[in-house]
Amino acid sequence: MKQNEQPEKAARRVRKVENQKARHQRHEAMEALKMLDALRHDFSKPLSSMDYFYELFEKVYCRREKLHSAKPMVGTLCIQIPYEIIYAMDAVPVRLCNGFHTNEQSGGEFMPAKSCSLVKATLGMLKQEDIPGVDKLDYLVHPTTCDQKTKSISMVEEIGYDVYHMEFPRVKESEESREYWRRTIRKFTKDLSKDLGRKINRRSLKSAIQKVGKAQVAYHRLNELRKLKSVPILGKDIFLITNAFFFDDIERWTEMTLAVCSEVEARVKEEVSAAGKRSPRILYTGSPPIFPNLKLPYMIEQADGVIVADESCSANRLFNDMVSVDEWFMYDMVDAVADRYLKGCTCPIFTKNDDRKRRLKELIESYNVDGVVYQSFAGCQVYEMEQRSIQQQMEALGIPMLYVETDYSPGQGGQLSTRIEAFMESLKVKNRRKQEG
Amino acid sequence: MMINKIFQKIQKADIRKFRFWIQLFLFVIFVYGGYVAIDVGREIPVFSCGYDREAGGVCYFMSLQHQLARPWERLFSGASLGVLSAFGVFILWFIVFNKAWCGYACPLGTMQDWITALRKRLRIPYSTYSEESFKSLKKIKYIFLLIVILFPLLIGAGLLDPEWRGGFCKMCPGRLITPMFVGDFSQWSIDFSSKTAIFLTTFGIAFTVVFFVGSFIKKRFFCFFCPMSAMHYIFSPFALLKLKKDGEKCTKCGDCYRVCDMQIWDIADDVKSRDILRDDCIFCLKCVAACPEEDALQVDIVKWAIFKSTKGGFAKRMGFEDETE
Numbered sequence: 001m002k003q004n005e006q007p008e009k010a011a012r013r014v015r016k017v018e019n020q021k022a023r024h025q026r027h028e029a030m031e032a033l034k035m036l037d038a039l040r041h042d043f044s045k046p047l048s049s050m051d052y053f054y055e056l057f058e059k060v061y062c063r064r065e066k067l068h069s070a071k072p073m074v075g076t077l078c079i080q081i082p083y084e085i086i087y088a089m090d091a092v093p094v095r096l097c098n099g100f101h102t103n104e105q106s107g108g109e110f111m112p113a114k115s116c117s118l119v120k121a122t123l124g125m126l127k128q129e130d131i132p133g134v135d136k137l138d139y140l141v142h143p144t145t146c147d148q149k150t151k152s153i154s155m156v157e158e159i160g161y162d163v164y165h166m167e168f169p170r171v172k173e174s175e176e177s178r179e180y181w182r183r184t185i186r187k188f189t190k191d192l193s194k195d196l197g198r199k200i201n202r203r204s205l206k207s208a209i210q211k212v213g214k215a216q217v218a219y220h221r222l223n224e225l226r227k228l229k230s231v232p233i234l235g236k237d238i239f240l241i242t243n244a245f246f247f248d249d250i251e252r253w254t255e256m257t258l259a260v261c262s263e264v265e266a267r268v269k270e271e272v273s274a275a276g277k278r279s280p281r282i283l284y285t286g287s288p289p290i291f292p293n294l295k296l297p298y299m300i301e302q303a304d305g306v307i308v309a310d311e312s313c314s315a316n317r318l319f320n321d322m323v324s325v326d327e328w329f330m331y332d333m334v335d336a337v338a339d340r341y342l343k344g345c346t347c348p349i350f351t352k353n354d355d356r357k358r359r360l361k362e363l364i365e366s367y368n369v370d371g372v373v374y375q376s377f378a379g380c381q382v383y384e385m386e387q388r389s390i391q392q393q394m395e396a397l398g399i400p401m402l403y404v405e406t407d408y409s410p411g412q413g414g415q416l417s418t419r420i421e422a423f424m425e426s427l428k429v430k431n432r433r434k435q436e437g
Numbered sequence: 001m002m003i004n005k006i007f008q009k010i011q012k013a014d015i016r017k018f019r020f021w022i023q024l025f026l027f028v029i030f031v032y033g034g035y036v037a038i039d040v041g042r043e044i045p046v047f048s049c050g051y052d053r054e055a056g057g058v059c060y061f062m063s064l065q066h067q068l069a070r071p072w073e074r075l076f077s078g079a080s081l082g083v084l085s086a087f088g089v090f091i092l093w094f095i096v097f098n099k100a101w102c103g104y105a106c107p108l109g110t111m112q113d114w115i116t117a118l119r120k121r122l123r124i125p126y127s128t129y130s131e132e133s134f135k136s137l138k139k140i141k142y143i144f145l146l147i148v149i150l151f152p153l154l155i156g157a158g159l160l161d162p163e164w165r166g167g168f169c170k171m172c173p174g175r176l177i178t179p180m181f182v183g184d185f186s187q188w189s190i191d192f193s194s195k196t197a198i199f200l201t202t203f204g205i206a207f208t209v210v211f212f213v214g215s216f217i218k219k220r221f222f223c224f225f226c227p228m229s230a231m232h233y234i235f236s237p238f239a240l241l242k243l244k245k246d247g248e249k250c251t252k253c254g255d256c257y258r259v260c261d262m263q264i265w266d267i268a269d270d271v272k273s274r275d276i277l278r279d280d281c282i283f284c285l286k287c288v289a290a291c292p293e294e295d296a297l298q299v300d301i302v303k304w305a306i307f308k309s310t311k312g313g314f315a316k317r318m319g320f321e322d323e324t325e
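Residue numbers (our numbering), protein chains in the order written: chain W, 1 to 437; chain C, 1 to 325.
FYI, nobody ran anything at the bench for these hints, they're computed from the structure. Where is the CB? At the ideal position from N, CA and C, for every residue including glycine. Treat each hint with caution, since some may be false.
[Said to hold, decoys possible] Covered stretches of chain C, as calculated for chain W (at least 3 residues, CB under 8 angstroms):
1. 125-131
2. 227-239
3. 310-318
Given these sequences and hints, build the entire structure.
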């Protein structure tokens, strides 16, 4: 009797088949929420001004709300696409570099097994047409920065996007490269204006430069506070703030960052520290931590370290160099904007990495760093290759460095956190010896 | 405390306005000083031309060429104590202010800045030299310096026609332009008395035309060829005012190079030299004002810093400061 009943029941049961997009969004939301909860609740003394940023990420990745309306959306696939030019046309730049494991998996089909997680995840996201905070993209700009990004342009086109190819030089010291890049940006300015049907003029570009400048100043003000002896803000919060800059409304972002500044400054007055007394001060460098792949900053600070400085394109490098204009006219402003994105850049894709080494040294000295954590995404050849020279430089400076190769998979967790804990312990021992001796 | 506050204020100052007023003031002194009996001497290390009959102070090259052209037996005798003392006065003037003479005091330099202001008003972009032409053209000022020093000596030795006396002055655009400010246009003529005179005065007119056209399209066009600038550079290591750079703090972003009227690459790209003053520098300090890195560039007098690059100052000058503060 029972045997006969079963198929009947099965037939009657209404089966809800989740479509692929919904499934993907559910996975993303799960991933995002897990990281947000960890960042929010696993640390003591949370800053209340950070709530805005936690909610922003939840809004974008969990509730799928859209942030911008009625303005053209310009997707950017690297740090080198000038925000100022896009804002000057009253369009919104959205940086698409992605940090989701879900996307890494779905983007994996395009790339060789051992290739950059970031590039894979970005391809995956574009394939799912699931752009954070945005309904649809009106424009997509892809610079020829590293090899993997350059080669992925044709894959993005294969998926069905129109991509603007932005040519980027790989030598930055020469006068030729400066001129080449300036020409690229001048052309981009013209092309974007034509394609979007939006005008750019002296006034709009000046106000865009100042808008971005104000955001940079806000970031610098916050960053300065990390130099203090008792560090008033954790690195995980900074990464979340700088990651929000990828897609948030810039003026609101600046306002909210200044709110964090005020709260942190008040903390400094009350002598409240976000980290322990003996927490090793860490400089983070290497492949960019992009939400929700903030596992490394999370692990470092869970292991009682505190990230006081960073050198990566999802944080410091986004804000570091500023535009300086001599004559406030289009001819000078566009070139000035171009220079900002080339000359000071410490990306490892360039032939030489002297500037990156000097930046690291300067950060180590002015932020009083105890140790360096260098992350390279497995398959990110340029960071992997530079590791050796940075290691040598750190040895010369007497600063211990931990090199970790990671990807976006959560599986690595245990082994990685053990290494990080051991590194933090060794730094503490070293500090104690220094104090005693 | 008070001094500290004043120092902080200076760091946020609008260097352009400051410079504009100093330049105007010194322009009036040098070009019109004679009307109110101002005379600061004939050993001034800028192109304040002696052909201007109301000059409040005269370019050292005028007297230098004159003095060096003495017959050698007189030049190398006790009678030349005056030559040495004039040189001493020149050095004293120079050592205090270094090349700031160029950026703040030179009437010819100031005129070029005004021509630049006119160009800006017309919204015409400026031009720059390519790296190669920069490197070859910059040698010209040393050739002119040779003319200033060597030619009079050759005249004194009897090896060169005395027609070449004051040769550089005759070639210099300052001779034609400066007197115009007091209504004297008589220098705009060709002297047909000899072949040399024709050459020198024609060169002078041509150079002056080039001066106007050049400085309209290229910032501080003439300074690039100025023998006084070359002369300064020889003595600048001993100057009290210094332009210094801390290469460790430099990110090589090139903001300083961007605003540099003289296109000096080293200001951005050299991260080793402490003394970053180069021969083409006019010490205008635009680079220090345009540097967003704390203490990367600074101006010292003896060993005290008087003006430094600061994040706050940069932000203020660029209009990046938050209004609420």
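Comparing the hints with the structure gives:
1. Counting residues of the stretch 125-131 of chain C whose C-beta sits closer than 8 angstroms to any C-beta of chain W gives 4, which meets the bar of three, so the coverage hint holds.
2. A count of 0 residues in the stretch 227-239 of chain C with a Cβ less than 8 angstroms from any Cβ of chain W is obtained; the coverage claim is therefore unmet, three being the minimum.
3. Check result for the stretch 310-318 of chain C against chain W: holds, 4 residues qualifying (beta carbon to beta carbon below 8 angstroms, three or more required).
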